[in-house]
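S.K.: If you want the building blocks of each chain, they are given just below.
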Amino acid sequence: MKASQIVPPLVLAVLFLAAWQVAAATGFLAETLGLDPLLVPSPSEIAAALYEDRAVLAENALVTLWEVLAGFAVALVIGVGAAVLLHLHEPLRRATYPLVVASQTIPVIVIAPILVVWFGYGIGPKLAVIALICFFPIAVNTLDGLRSVPVPLVEMMRTLDARRSRILVDVELPASLPYLFSGAKIAVAVAVIGAVFGEWVGASSGLGYLMLQDNAQLETARLFASVFLLSVIALVLFGTVALLERLSISWR
Amino acid sequence: MTAMVQADGVGRRFGGLEVLEGIDFGLDEGEVLSVIGPSGCGKSTLLGLIAGLDRPTTGTITVGGGTASDDRLARCAYMPQEDCLLPWFSALDNAALALRNQGRGRKVAREEAFPVFERLGLGGFEDAKPAELSGGMRQRVAFARTWLAGKSVLLLDEPLASLDGLTRRSMQAWLAPLLAGGERSAVLVTHDLDEALYLGDRVLVLSGRPGRVLGIREAPGRGEMDPVEASGSRAFSESRNELASLLESASPGDQIGGSQS
Ligand SMILES: Nc1ncnc2c1ncn2[C@@H]1O[C@H](COP(=O)(O)OP(=O)(O)OP(=O)(O)O)[C@@H](O)[C@H]1O
Ligand SMILES: [Mg+2]
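For the protein sequence lines, the chains are S and C, in the order given.
All residue numbers for the first sequence refer to the numbering used here, where the first residue is 1 and numbers rise by one.
All residue numbers for the second sequence refer to the numbering used here, where the first residue is 1 and numbers rise by one.
Just chain C, with the same shape it has in the complex (with noise of 0.2 Å):
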């Protein structure tokens, strides 16, 4: 397989303040890499990167072999911390935005947003302003609009983080075929050691600042089981508590962890 997304000693830094240091990794076409770490390490600074929104400092990367910004941003769809819609267009005129700006009328780009839009349980909606919407459908429409930018690599900036339990497991269900299908690499920045291990194919575990790489673990059998039933299973826990143990050992008193603790 050809690597995606390669990070060779990517380093960051805002002033005086070293963010990122020597990041190396690799993510393959359709693979799902997630990416844990504890707060302020560099986490969306380095999807960011990944993006062609920043320069590193050091080091290079390269997505779908073009190693300029611009080829960056022309293969990467970016889904912000928040959710970023825009409240003064409907939930499918949100969903459509990148067909708008990739130059579809308004009618053409509704038609061709609608098909996802409806499979993400949304259909009734379209007309809804994102006002009216709950915190789960304003997330599905986010995640609509960044799917529907047709990219090869999504960068997903802890897409369920604003959600409360329920609603989050029941989001990870759905985001997990989606993003199993192999069509689309995706880095997804999350706090949850669960949802790390049951949407990624691998976990990238990052140092407190300036962020490093601690190691990368391999996550079981991901998106084959519901969510409860996969973290209640051995080859899980196993992980779990290794991703813990090696998250502990780089920042000791730091609070992360699953949704359960």
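Just chain S, same shape as in the assembly (with noise of 0.2 Å):
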């Protein structure tokens, strides 16, 4: 990345916590809001949490990482999965491809505590919620990508000789690779999310349940803290799926 990409948003990230770092120790932003300044923690009390913190809130974001990372693999099998298949079987695509985008306006949130009900507090609703929300932009981007070679280059490899399962592994999957990436890179940013809302509905680590502890017993630095890490988490997942990007397609 160039100087000029980094330092707009740096110099605007920077203003930003200067201007709430002063607005908080000067008791300004809680005055204002009307709260008490216990409440309304500063960058600099935001920062001692972590450290002070830094066991219990490693611990606990270690749970969600992993929570984010199962859930991430289960959604990308999946979703690659079925979008070869809807791919493969023209009649199946036409009767599900609807019923696929229309599931996509049930919030995830509202079905979480029934995932809970039927898979208990251990990782299975979380990888469940994870799953289900990164599920969707997987599999419409690959099944986006599949139907994106043109049809001479099929038709080419069709005189050639290739059989159906070589055309898809030489040419359909290879052309899908970018469009997958676009997927990938939506769905790692949304799995945090849907983490701590998997956390929110019944479990006993990671970082979602530790902001519940931290909000019942105004802890909140510690809270702010957690949703730091939160979005480091999500972050570095984002810039790591970038890179195998652009390690993996080194043909553009």
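Since the hints were derived computationally from the structure, they do not count as laboratory data.
Don't take every hint at face value.
Unchecked claim - Simulated DEER-style distance windows between Cβ atoms: (1) C/E132 with S/K2: 49 to 55 Å; (2) S/S248 with C/A180: 30 to 36 Å; (3) S/V154 with C/F14: 14 to 20 Å; (4) S/Q104 with C/E112: 33 to 39 Å; (5) S/Q104 with C/G65: 52 to 58 Å; (6) C/E112 with S/L69: 41 to 47 Å; (7) C/A180 with S/G239: 55 to 61 Å; (8) C/G105 with S/P150: 24 to 30 Å; (9) S/P150 with C/E112: 26 to 32 Å; (10) C/G40 with S/A95: 33 to 39 Å; (11) S/V154 with C/G105: 21 to 27 Å; (12) C/G66 with S/A95: 33 to 39 Å; (13) C/E111 with S/V151: 29 to 35 Å.
To be verified - Quick look at which bits of chain S chain C covers, simulated, 3 or more residues with Cβ under 8 Å: (14) 146-160; (15) 164-173.
As the list claims (entries may be wrong) - Using 20 Å as the maximum straight-line C-alpha spacing, the simulated DMTMM-like pairs for lysine to aspartate or glutamate come out as follows: (16) C/K129 with C/E82; (17) C/K107 with S/E245; (18) S/K185 with S/D144; (19) C/K129 with S/E245; (20) C/K107 with S/D170; (21) C/K129 with S/D144.
Virtual Cβ for every residue (Gly too), placed ideally from N, Cα, C.
Got two chains here, each in a separate frame; can you build the complex from them with the hints?
M.R.: Pasting the structure below:
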């Protein structure tokens, strides 16, 4: 990345944090909001909480990270699998695609409590919530990618004695990779939100769980520290997927 | 000689759109047939029909004695209008695609493909990605890929159309001896009268849509000279004028002609 890409957002972030720091430390923020100053931590207090409670935070962050990775992996396998299946089977695609899209209008948060009833308090319901929200961007993008291959390319392969499986492996899957990565980048970003929702409806560890505890005990500085860690997780995962994309799509 | 490709009363309609009508022609073994006609008259459609990628609405097409689509697919290699190289494969892997499809391992396929690859002047570029090649080289890789499929009939859809004038001339010069070798039959679609006469044994002229056969003419002394020399000879310019007037009679105002015009 060029300096011209990094500097403006960096300046903006520093300005924002500085303004927040001044407003919170002087009590101005709490006063205007009509709140107890305890409820409005400054960035320096959040940083202090981040450092002092690093063991607890790290432990719970690892739980959440693990849930996100596992849920994302499940969505990747099922999403790509479903895309390939629907791509190879035209009638199935026609029949199910509208339903897949319609399913997207059901807020996953609403069914999360039911998932807890079904799968208990273990990692099951969190996996299910994360996988459910990651599934859609991955499956839809991959399917678009598989269908993006120009007809003459497939015809060329057919006259060159390619079986259906070869066309899939040599032409359609590579062509769908950029689409798959676009879907995966959206998926990892929303996966973290999914993990928090999953933990909110029933968990005994994880950053989402910790946030609930801290909220009840008015540990607002640590609560913000958890939020900070959640976005760090999302950003790092996003960056990792973007890096993998650059490495695996070498032909562009 | 036995006919390698035989079309009898072939017609193709897409919904209400009549694209080809009553097409009759035969292609001998080892013969090259150039096909010219106005834009949109169904030239690519005709190649797809011969290849077995599509079925005629009326009439039959026989390739090497077989009439079914699968028979035609098994005997034809099709080079689409765009080069259709796979960007994620190297140049040599693209050329070896058919060999891979026919069941060879990657290493064996590359070894088998290499002599043809080298003969087309592509030596040293085995591992270059298509994006790193010039237009002329991409076209040669696409041709190598078509050739290496080992089919008896080559279907070439404007193989040189995307190239600039000079590159095009030099590509015609190396394509000519390969096609003249008599090993393969070929149907060559082109927009260029000179190219049709220079590379083909005969030239089939199609009318504007719905495409019908306006006539089939012999091409004088094909591939014997270099393309520039050939286009200057008298027999050549006579055939050229004849084809031009044939085309004009079918599609007044349509811009078709040699690369010089
Ligand atoms: N699958 C299809 N469905 C409907 N119409 C089609 C289909 N394929 C071709 N056509 C139509 O048939 C006509 C002939 O198309 P074709 O591509 O064969 O022409 P062409 O002679 O190769 O043209 P060009 O010189 O531009 O390459 C066009 O009007 C095209 O829109
Ligand atoms: Mg065409």
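S.K.: Run every hint past the structure and note whether it holds.
M.R.: Structure-based check of each hint:
no., hint, result
1, C/E132 with S/K2: 49 to 55 Å, "violated (25 Å)"
2, S/S248 with C/A180: 30 to 36 Å, "violated (44 Å)"
3, S/V154 with C/F14: 14 to 20 Å, "holds (18 Å)"
4, S/Q104 with C/E112: 33 to 39 Å, "violated (49 Å)"
5, S/Q104 with C/G65: 52 to 58 Å, "holds (54 Å)"
6, C/E112 with S/L69: 41 to 47 Å, "holds (44 Å)"
7, C/A180 with S/G239: 55 to 61 Å, "holds (57 Å)"
8, C/G105 with S/P150: 24 to 30 Å, "holds (28 Å)"
9, S/P150 with C/E112: 26 to 32 Å, "holds (28 Å)"
10, C/G40 with S/A95: 33 to 39 Å, "holds (36 Å)"
11, S/V154 with C/G105: 21 to 27 Å, "holds (24 Å)"
12, C/G66 with S/A95: 33 to 39 Å, "holds (36 Å)"
13, C/E111 with S/V151: 29 to 35 Å, "holds (32 Å)"
14, 146-160, "holds (count 9)"
15, 164-173, "holds (count 3)"
16, C/K129 with C/E82, "holds (17 Å)"
17, C/K107 with S/E245, "violated (27 Å)"
18, S/K185 with S/D144, "holds (16 Å)"
19, C/K129 with S/E245, "holds (18 Å)"
20, C/K107 with S/D170, "holds (16 Å)"
21, C/K129 with S/D144, "violated (25 Å)"
Hint violations for this structure: numbers 1, 2, 4, 17, 21, all remaining hints satisfied.
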